[in-house]
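Note that the protein sequences, when read in sequence, are chains A and B. Each residue of the first sequence is one higher than the one before, starting from 117 at the first, in my numbering. Each residue of the second sequence is one higher than the one before, starting from 117 at the first, in my numbering.
Hints are supplied without guarantee of correctness; some may be wrong.
Unchecked claim - Label-pair restraints from in silico Cβ distances: (1) E404/A <-> P140/B: 18 to 26 angstroms; (2) C173/B <-> S179/A: 55 to 63 angstroms; (3) S197/B <-> G232/A: 30 to 38 angstroms; (4) N347/B <-> E404/A: 47 to 55 angstroms; (5) G352/B <-> D172/A: 54 to 62 angstroms; (6) R259/A <-> R293/B: 48 to 56 angstroms; (7) E400/A <-> D286/B: 32 to 40 angstroms; (8) M117/B <-> S303/A: 47 to 55 angstroms; (9) A223/A <-> R366/B: 42 to 50 angstroms; (10) D290/B <-> G324/A: 40 to 48 angstroms; (11) M117/B <-> E400/A: 20 to 28 angstroms; (12) S179/B <-> S166/A: 31 to 39 angstroms.
Unchecked claim - Quick partial rundown of chain B residues pointing at chain A, CB under 7 angstroms, derived from the structure: (13) M117; (14) I118; (15) P140; (16) R142; (17) Q145; (18) L204; (19) G206; (20) A244; (21) A250; (22) D253; (23) G257; (24) T261; (25) C402; (26) S423; (27) R430.
Said to hold, decoys possible - From chain B, some residues computed to sit far from chain A (all C-beta separations above 12 angstroms): (28) G162; (29) S166; (30) F170; (31) V178; (32) S180; (33) R259; (34) G296; (35) A420; (36) I460.
Because the hints were derived from the structure by calculation, they are not lab data. All residues carry an ideal CB built from backbone N, CA and C; glycine is no exception.
There are 2 protein chains.
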Amino acid sequence: MIRVALLGFGTVGSAVARRLTHSPARNIQLTHVFDRRARQKRASLGAAASRLIFTDCIDDIVSSDVDVVVEAVGGVEPAASWIRSTLLAGKSVVTANKQVVAQHGAALWRLASRQGRQFRFEAAVGGAMPIVRAIGDGLAGDRITRIVGILNGTTNAVLSQMEATGCSLDAALDAARARGLAEADPSADLSGDDARAKLAILCALAFGVRVKPEDVGGGSSAGVTCRDIANACRRGGTIRQLAHAEYDARQTALTAWVAPVFVERDSIFARTTGAQNAALITGEHCGEIGIFGAGAGGDATSVAVISDITAIARDRAAIIPAPELVSDFRLLTADCRFADSRTIELQEAM
Amino acid sequence: MIRVALLGFGTVGSAVARRLTHSPARNIQLTHVFDRRARQKRASLGAAASRLIFTDCIDDIVSSDVDVVVEAVGGVEPAASWIRSTLLAGKSVVTANKQVVAQHGAALWRLASRQGRQFRFEAAVGGAMPIVRAIGDGLAGDRITRIVGILNGTTNAVLSQMEATGCSLDAALDAARARGLAEADPSADLSGDDARAKLAILCALAFGVRVKPEDVGGGSSAGVTCRDIANACRRGGTIRQLAHAEYDARQTALTAWVAPVFVERDSIFARTTGAQNAALITGEHCGEIGIFGAGAGGDATSVAVISDITAIARDRAAIIPAPELVSDFRLLTADCRFADSRTIELQEAM
Numbered sequence: 117m118i119r120v121a122l123l124g125f126g127t128v129g130s131a132v133a134r135r136l137t138h139s140p141a142r143n144i145q146l147t148h149v150f151d152r153r154a155r156q157k158r159a160s161l162g163a164a165a166s167r168l169i170f171t172d173c174i175d176d177i178v179s180s181d182v183d184v185v186v187e188a189v190g191g192v193e194p195a196a197s198w199i200r201s202t203l204l205a206g207k208s209v210v211t212a213n214k215q216v217v218a219q220h221g222a223a224l225w226r227l228a229s230r231q232g233r234q235f236r237f238e239a240a241v242g243g244a245m246p247i248v249r250a251i252g253d254g255l256a257g258d259r260i261t262r263i264v265g266i267l268n269g270t271t272n273a274v275l276s277q278m279e280a281t282g283c284s285l286d287a288a289l290d291a292a293r294a295r296g297l298a299e300a301d302p303s304a305d306l307s308g309d310d311a312r313a314k315l316a317i318l319c320a321l322a323f324g325v326r327v328k329p330e331d332v333g334g335g336s337s338a339g340v341t342c343r344d345i346a347n348a349c350r351r352g353g354t355i356r357q358l359a360h361a362e363y364d365a366r367q368t369a370l371t372a373w374v375a376p377v378f379v380e381r382d383s384i385f386a387r388t389t390g391a392q393n394a395a396l397i398t399g400e401h402c403g404e405i406g407i408f409g410a411g412a413g414g415d416a417t418s419v420a421v422i423s424d425i426t427a428i429a430r431d432r433a434a435i436i437p438a439p440e441l442v443s444d445f446r447l448l449t450a451d452c453r454f455a456d457s458r459t460i461e462l463q464e465a466m
Numbered sequence: 117m118i119r120v121a122l123l124g125f126g127t128v129g130s131a132v133a134r135r136l137t138h139s140p141a142r143n144i145q146l147t148h149v150f151d152r153r154a155r156q157k158r159a160s161l162g163a164a165a166s167r168l169i170f171t172d173c174i175d176d177i178v179s180s181d182v183d184v185v186v187e188a189v190g191g192v193e194p195a196a197s198w199i200r201s202t203l204l205a206g207k208s209v210v211t212a213n214k215q216v217v218a219q220h221g222a223a224l225w226r227l228a229s230r231q232g233r234q235f236r237f238e239a240a241v242g243g244a245m246p247i248v249r250a251i252g253d254g255l256a257g258d259r260i261t262r263i264v265g266i267l268n269g270t271t272n273a274v275l276s277q278m279e280a281t282g283c284s285l286d287a288a289l290d291a292a293r294a295r296g297l298a299e300a301d302p303s304a305d306l307s308g309d310d311a312r313a314k315l316a317i318l319c320a321l322a323f324g325v326r327v328k329p330e331d332v333g334g335g336s337s338a339g340v341t342c343r344d345i346a347n348a349c350r351r352g353g354t355i356r357q358l359a360h361a362e363y364d365a366r367q368t369a370l371t372a373w374v375a376p377v378f379v380e381r382d383s384i385f386a387r388t389t390g391a392q393n394a395a396l397i398t399g400e401h402c403g404e405i406g407i408f409g410a411g412a413g414g415d416a417t418s419v420a421v422i423s424d425i426t427a428i429a430r431d432r433a434a435i436i437p438a439p440e441l442v443s444d445f446r447l448l449t450a451d452c453r454f455a456d457s458r459t460i461e462l463q464e465a466m
């Protein structure tokens, strides 16, 4: 039996709690929930809450006897510090927090490895789509050269809604909010910063390079108009926010950008609508591997979190060696709004 | 440093050997190759062969000091016995052999687990497409209800060639052979037996049920004519060999078939051409997750094999608990050649 504590009771945290309490796996038991508003949130779990310890004091979690802490707080701090304390206290950590993994993932992974514990983050990229395992594990036997994907479900829902209805970005945003696909403040989604953090995580896994999300160029999707999309349709395609990373190991040059670009109508990206995510991963030997699925939403993301807990439950003693990341490469990027993704002109970053 | 022996030097074995000798990973070393025609095959590796022990005696491998044995012999026996001896000798095993995994996978996995060693088989299904990890690990946090896929690259190459050119099945087979996509005897590919073995493996991973490949119904693709495909095109789609499995846990009823069926033109399956594989995995919480990629060929399959070796190299002490499979369910299947995959009438098997 593996004992689990949950940090944060928002969309992802509450979905994980619901599943672990209502149809629990035989060998996984949720015992603690930390939330700043623990008292109010307790009620939402109904009768199941009576078997849980709710607390607004992080030390109650760090000093508890749980085996795994699920971090679903979001934001870099205090989440990163809490993960560090948790690993130092000898527990494994599962996180859904792309910002923490993009900024501090390598250091936390090293710490986990030194502690003989695990640091897992399938939920940080792609929701239920198991792209972290595909790249970090399933394709570890190849040299990956390129990753192109739709990594932000909110922006994709907005752009594909504009394409389908001809509405404005604001109207599409309202529709996305009404369906729970956009938060009150979607600026990190539209600007591409959310996808930049995810792309940085995938660059570490695929290429072994350490890239700061903020150094990844591209352009924001916030200013896309229905006219831009109509123009793209006339050219035989549409506009999607793509995240693109390509690594030339011989030249030690990383190309990375996130931007709204033109994609052809029959590409997998044009066919990806709503909050779906999709990615094409190219390797020297495997050719092109594609993966797609629900990229957002508490229920889909809870699958990734619980899969990570299950992996730890299967072998608690397993040690996953931390990757060594290099920072010594040229970063190429582009200001490529509305460009055809195949013909983008690159420039040196910084 | 992890030491590796290779059983079998056919398409997959020689591709693995080439990669491990020509651009070796720092911590993986190929040391032994077993093949019945070891002397002739040795020459094909060039200078790299001088650092390897080639043998036609299986005991040389079983009694060697290697850590991992890669089984790429194919066929149920003697491969299954050799894997058993290897595990008993305290080595981990990576196999690309779908027949062995479909027939004896559960027992070999249990043996590996008891021995504190690993039994991995990513290469047995889907070539480089990491579907074994996606189902067994990445989506382990969900209850998977359905898997539908194109799991045989040869048949898909033949059917999509017939669709593209209007040629006969025999002509398409010749074209596939010329491109190295079909073997001299493609009967197991066309009949669906190859896909049935792969589907049985996925059913064990996804649903925890033990189904014999030969009990999976459906129909053969060997008799598909260009007229059948032309008819399907007129109906707005085409013909693909699909493998379909659906498990109703409450009714303990497994539906499973492999057959050439009608698929709609804009489905992922109609768009899957050549030797590509593709699968849609449905879970109660994750919705539909898709994965596609090169399903055959030595180079693509070598990625899956080397990814499995890499996983073992990362943590040799890791123990993957064997799944418990149940046989106590109703098996529903169908004789569904050319049926629309959405409207197939099922019958009880046996």
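Evaluated hints:
no., hint, result
1, E404/A <-> P140/B: 18 to 26 angstroms, "holds (25 angstroms)"
2, C173/B <-> S179/A: 55 to 63 angstroms, "holds (59 angstroms)"
3, S197/B <-> G232/A: 30 to 38 angstroms, "holds (37 angstroms)"
4, N347/B <-> E404/A: 47 to 55 angstroms, "violated (31 angstroms)"
5, G352/B <-> D172/A: 54 to 62 angstroms, "holds (58 angstroms)"
6, R259/A <-> R293/B: 48 to 56 angstroms, "violated (30 angstroms)"
7, E400/A <-> D286/B: 32 to 40 angstroms, "holds (35 angstroms)"
8, M117/B <-> S303/A: 47 to 55 angstroms, "holds (49 angstroms)"
9, A223/A <-> R366/B: 42 to 50 angstroms, "holds (46 angstroms)"
10, D290/B <-> G324/A: 40 to 48 angstroms, "holds (44 angstroms)"
11, M117/B <-> E400/A: 20 to 28 angstroms, "holds (23 angstroms)"
12, S179/B <-> S166/A: 31 to 39 angstroms, "violated (59 angstroms)"
13, M117, "violated (14 angstroms)"
14, I118, "violated (13 angstroms)"
15, P140, "violated (12 angstroms)"
16, R142, "violated (11 angstroms)"
17, Q145, "violated (15 angstroms)"
18, L204, "violated (21 angstroms)"
19, G206, "violated (18 angstroms)"
20, A244, "holds (4 angstroms)"
21, A250, "holds (5 angstroms)"
22, D253, "holds (6 angstroms)"
23, G257, "holds (3 angstroms)"
24, T261, "violated (13 angstroms)"
25, C402, "holds (4 angstroms)"
26, S423, "holds (4 angstroms)"
27, R430, "holds (5 angstroms)"
28, G162, "holds (19 angstroms)"
29, S166, "holds (24 angstroms)"
30, F170, "holds (23 angstroms)"
31, V178, "holds (24 angstroms)"
32, S180, "holds (22 angstroms)"
33, R259, "violated (8 angstroms)"
34, G296, "holds (14 angstroms)"
35, A420, "violated (7 angstroms)"
36, I460, "holds (25 angstroms)"
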